[in-house]
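Participant: Sequence:
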Amino acid sequence: MKNTSVTRMELLAHKEQISLARQGRELLEQKRTALMKELMRIADTVMEHSDALQHAADKARRALVRAEAIAGTEAIKSAALASRAVFPLQVTTTNIMGVKVPHIEQKR
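Position 16, counted from 1, in the sequence shown is what the numbering used here calls 16; the numbers after and before it change by one each time, with no gaps.
Honestly, I wouldn't trust all of these hints.
To be verified - Keeping only pairs whose Cα atoms sit at most 27 Å apart, straight-line, the calculated DSS-like set for lysine-lysine is:
#1 77 <-> 107
#2 31 <-> 100
#3 37 <-> 100
#4 59 <-> 107
#5 77 <-> 59
#6 37 <-> 107
#7 31 <-> 15
Worth flagging that the hints you see were computed from the coordinates, not collected in a lab. Bear in mind the structure is a predicted one, so any value in this text is a computation, not a measurement.
Could you build all of it, start to finish, from the sequences and the hints given here?
Facilitator: Right, dumping it as structure tokens:
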């Protein structure tokens, strides 16, 4: 432990450091709480949409099997290569207490 002089000025300086450290801790706790709320909000949205996505994927898989049975694998591969392979996304960021959180949406 380093030697510090036992003066009133040193006591006040240490109290100021302790106060600053407490303020920093409180700010970090607020930041953590805000980020956890945002994470939970995003998780809820993902859970809501996951069932719809699973249903759409199952429907697409059944349609693909049906199309292969009717038109043949080569025709389906040719159609897939001729199709538009662009999946437009829009990425924006939200600032939550100094932390940039990405927000990704499909463009229509």
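Participant: Looking back at the hints listed earlier, which ones does the structure fail to meet?
Facilitator: none
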